[in-house]
Amino acid sequence: MAGNPSVDQLPIGVLALQGDFREHLHVLQQLGETAVAVKSPEQLEHIAALIIPGGESSVIDKLSRLYGLFEPIRAAIHAGLPVYGTCAGLIMLADTVEDSIEGQQSFGGLDVVVRRNAFGSQTDSFETDLSIPELGENPVHAVFIRAPVVESVGARARALATLDDGRIVAVEQGNLLGTSFHPEITGDTRFHEYFVRRVRATQ
Amino acid sequence: MSENTSSNESGTSRVKRGLAEMLKGGVIMDVVNAEQAKIAEDAGAVAVMALERVPADIRSQGGVARMSDPDLIDGIIDAVSIPVMAKARIGHFVEAQVLQALKVDYIDESEVLSPADYVNHIDKWNFDVPFVCGATNLGEALRRITEGAAMIRSKGEAGTGDVSEATKHIRTIKGQINELRSKSVDELYVAAKELQAPYELVREVAQSGKLPVVLFTAGGVATPADAALMMQLGADGVFVGSGIFKSGNPAQRAAAIVKATTFFDDPNVIAETSRGLGEAMVGINVSDLAAPHRLSERGW
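Just so you know, the protein sequences line up as chains F and E, in that order.
The numbers in numbering that gives the first Met the number 0 rise by one with no breaks, and the one at position 110 of the first sequence is 109.
The numbers in numbering that gives the first Met the number 0 rise by one with no breaks, and the one at position 277 of the second sequence is 276.
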């Protein structure tokens, strides 16, 4: 499959408008990947995949529109660019966002409905273990910070992880992956490895 | 497909410090009511800070400055969906208990308000809600972290519109971290003594080259260029107090400061965003302030 060396060498981009993009860059580097901070539309042409970090989704939306990244990212997702979003990144990937601020938009791509701040204020933020067979036997330690949840999953998407109460907190659909929680701040690199394997397999 | 295999833990260090990680690269704006909070959210603030008067008014009106009225804080929480922070007086752990009960997302134990205790800060480990605290140097930052602060902001001199103290404090903290990095292990024991901070924490900073929590900057930021200056000096993000709502056109200035914070290393963007903002806050030179009126000297 990996016949095209020039594509193989393309780095993985991390959207670097606001949020914990440095943590994602660091995890990618730990995995031996070349990673670049993406702040301009031209850079989208030179990446193999994109990660949208945790942060404030209303701000990431606003800045991406101000700097001409919104439409190019939406088009790239539509054209099949692999994208992984954590927390605010999951919100940006959802086709439908509930409890958004007035005028807030998302790139879309994931056939899901996501609710912002679904758990309440910061005192309701928490960490817990999730068992996700796709990532191996050991549970994934997940950190939820003013996190969103996936309220419903459409026909094209698939739930990857749920809480005890059944609420969905990780989803995938083709080249797209989204988690309510933040693997980038726990030191567990399995979600990033899962994503990178998929990126490199599609090339 | 999977499920949750253990109980949920809230109020952990990782959860408290984690929220600050998500605010990085953003601007946190002082607001005194729901209307200002909405303007801040629409302009792209990552969070708002609720207080009863902005620092410039605390300065000009004098008197004791305290935690905001709970009704005002509720109004602000209802008005916006971004995180809401609120200020408690240094050492006033009951104000902090009240703010936690009101479900604010972060408490700022702040020198901008009148201190309630001139000896002790709040034991911040006792709370599920995270705290941000001010610091003028590395020792002060590490003492606050020892007490449980999950985020640090360099103090600057609030309510002045004069960025010189903010510059001094962020440079001091960054410079002292760099000094630690070059020290040998035996020298770190002495460094801990001089910084008046625990050895374990000093060694951790020496090894990692950074604080174990996010470092924002505050106090005197009034223009997009001021915000970009703070970012180029190594801040993770910026607090803007009086600089927005004491200026001629708050909405436009707020949006401009957000842009300059993201594109801090692009002078063309900063030039563009600095145009036509109207009047900046009038400001006071810190050098003209008599020592008792310098807020950054509160806290120890």
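Hints are computed from structural coordinates only; laboratory data are not their basis.
Computed from a predicted model, the values in this text were never measured in an experiment.
Even for Gly, the Cβ is constructed at its ideal location relative to N, Cα and C.
Check the hints yourself; a few may be wrong.
Subject to a maximum C-alpha distance of 25 Å in a straight line, what follows is the list of computed SDA-like cross-link-like pairs (lysine to any residue) [claimed, not checked]: (1) Lys102/E to Ala117/F; (2) Lys37/E to Gln103/F; (3) Lys173/E to His25/F; (4) Lys38/F to Asn267/E; (5) Lys102/E to Thr122/F; (6) Lys38/F to Lys102/E; (7) Lys102/E to Gly119/F; (8) Lys37/E to Leu30/F; (9) Lys37/E to Arg64/F; (10) Lys38/F to Gly233/E; (11) Lys37/E to Gly119/F; (12) Lys38/F to Leu200/E; (13) Lys102/E to Ser59/E; (14) Lys37/E to Ser120/F; (15) Lys37/E to His25/F; (16) Lys37/E to Asn116/F; (17) Lys37/E to Gln104/F; (18) Lys37/E to Asp98/F; (19) Lys209/E to Thr188/F; (20) Lys209/E to Gln104/F; (21) Lys173/E to Gly119/F; (22) Lys38/F to Met230/E.
Some chain F residues close to chain E (C-beta under 8 Å, calculated; not the full set) [unchecked claim]: (23) Asp19; (24) Gly53; (25) Arg64; (26) Leu80; (27) Val112; (28) Asn116; (29) Ser120; (30) Arg145.
Per label pair, the in silico range of CB-to-CB distance [said to hold, decoys possible]: (31) Ser39/F to Asp70/E: 23 to 31 Å; (32) Arg196/F to Glu203/E: 29 to 37 Å; (33) Asp98/F to Trp124/E: 29 to 37 Å; (34) Asn177/E to Gly31/F: 28 to 36 Å; (35) His77/F to Tyr188/E: 54 to 62 Å; (36) Gln28/F to Trp124/E: 28 to 36 Å; (37) Asp98/F to Ser6/E: 56 to 64 Å; (38) Pro197/E to Arg196/F: 55 to 63 Å.
Consistency of the hints with the structure:
1. Lys102/E to Ala117/F: holds (15 Å)
2. Lys37/E to Gln103/F: holds (14 Å)
3. Lys173/E to His25/F: Answer holds: Lys173/E to His25/F is near 21 Å, not above 25 Å.
4. Lys38/F to Asn267/E: Roughly 14 Å separates the two Cα atoms, so the pair holds.
5. Lys102/E to Thr122/F: It holds: about 7 Å lies between the C-alpha atoms, which stays within 25 Å.
6. Lys38/F to Lys102/E: Given that 25 Å is the threshold and the Cα spacing comes to 34 Å, the pair is violated.
7. Lys102/E to Gly119/F: holds (9 Å)
8. Lys37/E to Leu30/F: violated (41 Å)
9. Lys37/E to Arg64/F: Given that 25 Å is the threshold and the Cα spacing comes to 20 Å, the pair holds.
10. Lys38/F to Gly233/E: Within the cut-off at roughly 18 Å; holds.
11. Lys37/E to Gly119/F: holds (19 Å)
12. Lys38/F to Leu200/E: violated (34 Å)
13. Lys102/E to Ser59/E: Judged against 25 Å, a Cα distance of about 31 Å means the pair is violated.
14. Lys37/E to Ser120/F: Between Lys37/E and Ser120/F the Cα gap is close to 18 Å, so the pair holds against 25 Å.
15. Lys37/E to His25/F: Roughly 35 Å between the alpha carbons, so the hint for Lys37/E and His25/F is violated.
16. Lys37/E to Asn116/F: The hint holds at about 17 Å.
17. Lys37/E to Gln104/F: Within the cut-off at roughly 18 Å; holds.
18. Lys37/E to Asp98/F: The given pair, whose Cα atoms are some 15 Å apart, holds under the 25 Å limit.
19. Lys209/E to Thr188/F: holds (22 Å)
20. Lys209/E to Gln104/F: violated (35 Å)
21. Lys173/E to Gly119/F: violated (35 Å)
22. Lys38/F to Met230/E: holds (16 Å)
23. Asp19: holds (5 Å)
24. Gly53: holds (5 Å)
25. Arg64: violated (10 Å)
26. Leu80: violated (22 Å)
27. Val112: violated (17 Å)
28. Asn116: holds (6 Å)
29. Ser120: With a minimum Cβ separation of about 4 Å from chain E (threshold 8 Å), the hint on Ser120/F holds.
30. Arg145: holds (7 Å)
31. Ser39/F to Asp70/E: 23 to 31 Å: Violated: the Cβ-Cβ distance is about 45 Å, outside 23 to 31 Å.
32. Arg196/F to Glu203/E: 29 to 37 Å: holds (34 Å)
33. Asp98/F to Trp124/E: 29 to 37 Å: The hint (29 to 37 Å, Cβ to Cβ) holds, given that Asp98/F and Trp124/E are roughly 32 Å apart.
34. Asn177/E to Gly31/F: 28 to 36 Å: Given about 29 Å between the Cβ atoms, the range holds.
35. His77/F to Tyr188/E: 54 to 62 Å: Holds, since His77/F and Tyr188/E (Cβ atoms, about 59 Å apart) stay within the stated range.
36. Gln28/F to Trp124/E: 28 to 36 Å: Once the Cβ atoms are compared, 33 Å apart, the range 28 to 36 Å for Trp124/E and Gln28/F holds.
37. Asp98/F to Ser6/E: 56 to 64 Å: For Asp98/F and Ser6/E the Cβ distance comes to about 26 Å; the hint is violated.
38. Pro197/E to Arg196/F: 55 to 63 Å: violated (42 Å)
The earlier numbered hints that this structure contradicts are 6, 8, 12, 13, 15, 20, 21, 25, 26, 27, 31, 37 and 38.
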